[in-house]
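Please put together the full structure from these sequences, using the hints given.
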Amino acid sequence: MNNINEFIEKFKDQFIDADEFELDAQSEFRNIDSWDSLTGMAILVMIKDEFKVDFSENKFRECKTVQDVYDEVLKIS
Amino acid sequence: MTPELALNYFPLTKYGFLYRLVTIDDAEFILNLRNHPTHAMHLSATSNQLEDQVEWIKRYKEREKQGIEFYIISIDAATNKKLGLNRVYNFNGNEYEIGSWLYEPGLEISASIIGDIVARNFAFDVLNFAACVFSVRKANKSVLRYHKGFKPEITKEDEKDVYFRLTVEDFKHHQSKLLKILGYE
Chain A
1 MNNINEFIEK FKDQFIDADE FELDAQSEFR NIDSWDSLTG MAILVMIKDE
51 FKVDFSENKF RECKTVQDVY DEVLKIS
Chain B
1 MTPELALNYF PLTKYGFLYR LVTIDDAEFI LNLRNHPTHA MHLSATSNQL
51 EDQVEWIKRY KEREKQGIEF YIISIDAATN KKLGLNRVYN FNGNEYEIGS
101 WLYEPGLEIS ASIIGDIVAR NFAFDVLNFA ACVFSVRKAN KSVLRYHKGF
151 KPEITKEDEK DVYFRLTVED FKHHQSKLLK ILGYE
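Here the protein sequences come in this chain order: A and B.
Mapped onto this note's numbering, the consecutive letters of the first sequence carry residue numbers 1 to 77.
Mapped onto this note's numbering, the consecutive letters of the second sequence carry residue numbers 1 to 185.
Note that these hints are calculated values from the structure, not bench results.
There is no bait here: all hints are sound.
Under the rule of at most 25 Å between Cα atoms (straight-line distance), these lysine-lysine pairs were calculated in the DSS-like manner: (1) B:177 - A:75; (2) A:75 - B:180; (3) B:14 - A:48; (4) A:10 - B:148; (5) B:148 - B:172; (6) A:59 - B:81; (7) B:172 - A:48; (8) A:10 - B:180; (9) A:59 - B:14; (10) A:52 - B:180; (11) B:61 - B:82; (12) B:141 - A:48; (13) A:52 - B:148; (14) B:180 - A:64; (15) B:177 - A:12; (16) A:10 - B:151; (17) B:177 - A:48; (18) B:151 - A:48; (19) A:48 - B:180; (20) B:177 - A:10; (21) B:151 - A:52; (22) A:12 - B:141; (23) B:141 - A:64.
Written out as structure tokens, the structure is:
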């Protein structure tokens with residue numbers, strides 16, 4: 001998956017109310033109302049399944065936006 | 001398994017968290033968590049009176065002494081801050097039920113996930129159960145998605161809930177993936 005738009009879609013799909021908000025690369029995902037630790041875990045599992053890499057929780061903690069996450073995933077994949 | 005074996009398993013420090021069995025001193029923490037307006041909305045209703053919670057814990061401690069229920073509190077080992085709860089109960093043959101999974105809002109990912117993993121490992125490895133049964137409210141989509149990741153068997157569904165049975169083998173398989181992702185393996 002080299003396309004940021006595809007990544008944003010898959011990222012957004014991990015939120016339980018994915019149909020109810022807009023998400024773009026600059027979205028600060030922790031500010032989304034439905035954000036919780038299980039959503040974070042779902043995102044990390046998605047990254048593992050799609051990119052076959054272990055994106056650590058520590059690294060994830062440093063990311064504020066979807067773009068931040070995508071950039072880091074590309075670095076390690 | 002003797003109750004002493006289980007009771008001697010705690011306190012346990014693992015993955016940077018301290019796990020011990022609940023005492024009446026935890027009543028206020030439990031009450032606040034269980035009465036959180038949004039975070040606890042999918043839990044069964046509970047009294048919001050502290051004295052009722054204290055009495056519940058006193059009755060629970062009797063069940064714990066008999067080795068038929070274990071209510072585990074998770075604490076940040078570095079700061080001593082109470083984080084959340086997990087409970088294993090309703091032991092029936094080679095199956096146990098897990099529930100009361102409730103953590104402070106706003107924590108990092110690992111606290112609640114590791115708490116769930118530690119509680120289930122305790123039940124599988126120390127109490128020697130072969131399967132875990134549990135139910136999840138259909139409206140609790142986040143928790144539902146998490147549990148489905150373990151590929152449990154769906155044993156029943158009704159209007160409100162989905163009922164699951166998860167074998168130790170399936171649990172260990174997905175647990176390994178989660179621990180690796182969280183950087184613990």
